[in-house]
Every structure is written in structure tokens, then in C-alpha cells.
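Chemist: Now for the letters of each chain:
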Amino acid sequence: MDVSAQTDTLIYLYAFIPRREYEQTEIDSLEGIEAPYEVEFISFKEITAAVTKVPEEEYSEANLQKNVENLRWLQEKAYHHHNLMNQLHTHFTVLPLKFGTIHETKSRLEKVVENQDNNILTMLEQLKNKEEWNVKIYADKDQFVSSFMENDSEVKKKKEEINQLSPGKQFFAKKKMNEWVDEKAKADMISLCEKFHEKLAQYSMDTELKKNWEKKITGRKEEMCWNSVYLLKKNQKEQFLDCLQSKKEEAEKGNTGLIYEITGPWPAYHFSQFKE
Amino acid sequence: MPVEHPVESNSLVDVLETVLDKGVVIAGDIKINLADVELLTIKIRLIVASVDKAKEIGMDWWENDPHYSSHANKLQEENQSLQKRVKQLEQRLENESSIMEKKEETSHD
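Chains as they are written, first to last, in our numbering: chain A, 28 to 303; chain B, 99 to 207.
No false leads were slipped in.
Partial pick of chain B residues on the chain A-facing surface, computed with a CB cut under 8 Å:
| id | residue |
| --- | --- |
| 1 | Leu118 |
| 2 | Val122 |
| 3 | Asn131 |
| 4 | Ile145 |
Treat the hints as calculated values from the structure; they're not laboratory data.
Don't be surprised by glycine CBs; every beta carbon is placed ideally from N, CA and C.
Can you make the complete structure from the sequences, with help from the hints?
Modeler: This is how it looks when you write it as C-alpha cells:
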């Protein structure tokens, strides 16, 4: 199939993969982002591009802009991009492109590959046999604070001191202590997350800290207090996952108020950037 | 093992945030402007989860956000004035209790 044969289609680019891997692997046909077009592979010197045709009607600049503003459309297509990338990732080393990378013709794509040849090959080499995992830690704050109150030795001391005071003074001393506990617990929470991150980082080739999402994004009751991605060697991920699993169980048993969540394996989206 | 491909609706946010914002950027021939990805994610979440479901999971922020609701505005004002009054009362109580204690101390002498 020749992608440039039809004039009324454009080329949607998913990913680059090493040509050698592509030629050594048989895979079933994959549905593209727009039926009935399937995923096609265009091979260059050492690089193979995973692409699909898209109708120009829907993907011209003006129309695509309208489409991405339609949130149902955007969600469906973003999911397709994600699923297709996962499928490619089960077979190949994948350098994932950001959603919505589109070229007019095969020769335009060829130009890009020529220009970026070195960058693409370097990245593919770096990402070989690696995958990305995402770890988020949420805190049930009330539970965290109450478990902190029970276990922290300074809190115990302060409580005893307060009990010696007159009732009038106790009220304000307690108020002050609660403020202190809130802050101390928060600092404690951050340092727990940091320590755990450092441990996970030992099993990782690379890490990236991400922003904690607000509750209106996560839709959860608990506050997100850690969000980070890790680049792992496929054959070393067991240690990483075991470490997480035991932390998770420990947190559940101990009622610490911290909730550990992990997603993966992902293609290495967060570690796919060309060096300037 | 609890580890699965992140395709369930609870990781909708992960998927959107990742594929719309991460991955290699190569200038294609077609340029699109994606609105702020966080904002998009919130909006899409709202579509995916029905409004009732959203409420159930506490995502009814538009009802409590003064920007979206006059009811919330009123609540906020009320809240502020109550907080002010509590503070005043606390201050008075603190003054009185320290005066009382001083009195107690002097009467013991």
C-alpha cells in the first residue's frame, strides 16, 4: 500500500520504530485512527514509521481544529492513539509521537526523518527494552494526621504538657498544638514520599517528577501528594514492582492514610524528547 | 498483581494528560491548538462521568465555586463573617481567662 497514492488523505504519524525490529517481527493488521484505514509501516534507512491514512476532510488544519474542540471526538481519538501505541509497544521499541502529528505527503515525512535521523536513532537506542511506569501517592489527610498523632513522640510529650495546664490555657495550647501537628504531618508526608521516590529511583534508569493534580482533575477525595514517572529496564522491573507492592500492603495494614497507585507499562512518553 | 494496562476509566486522566501533552514533538504540516490540557481533562472527565456520578465522587465543584454559583457566593460571605466572629470570641476568651488566672494567683497569695 502506498500512502501517498491518494490525494485526499493525509498521513497521521504514531511512532518511530527500529527498522530491524520491524523486519524481524510479524504482526497482525491494526485498525487506524479512521476506519477503514489500517496502520501502515513506512521504512526508511534504519527507521520505520508507524502511520495511518486520515481523510483530508477531517484532518485539514481548520477541520481538525474544530474536531479537537469537540471533546467527545478528542477523547475517542486520544484513546485510540494510546491503545495503538500500547500495541506497538508490545512488539517493538517505540518512540511515541505526541497526539496529532500529521504530514501532507510521504515525501514531507521523509524530509522530517532525514532531518531528525540522528535524534530518532539515539532515542530508539536509549529506549530499547525499557518502559515507563507512573506512581501516584494519595493522602487521606485525616487518617494520616490521626495516625501521626498516635505515633509521633513529640506529640505525646506535648499532650502531657498540656494536661498540666489550667483549663483556660489548655484550650489555646491545644489549638496551637493542632496547628503544629498539621504542619508537622504535612512535612512528614512529603519526606515519606521523597524517601520512597529515592528508593524507586534506584531501580530506574531515569525519573521525572510531575505536578500533583488537584482534586477536580482526579475526582478523588484524597489529596494527591506525589506524582512521578520512572523509566525501567524491562528485565529489572520486578524489583521495582515488588518494592511498590510491599509498600502498598504496608500502608494498608498500618492505616497510614497513604494510598499508592501505579499504572503501566507505558511507552516512554515522558522520556521521549530530542536533546537540543 | 494489581498491574494492568491503564485503560480503565479511572486512568482517563492519565491517558489524556500523557498522549495530549507528552511524546516526541515533531512539527507536522497540520498545526492544531490544544487548549490547556488540564482544563481539557477536567472537561472530558465531566462528559465521561455523568453529572450524577460526578457528584457522587465529589466533583460538584461548580456548585461550590463562587465563580459558577451565586449560592456558593452567599455561603462564602457567610463563612467569612462567621470566621471573623469566632476569632473575636476567641480573643475575648483568652483575655478573660488570663485575667481570671491572675486573680486566682493574687487571691492565693
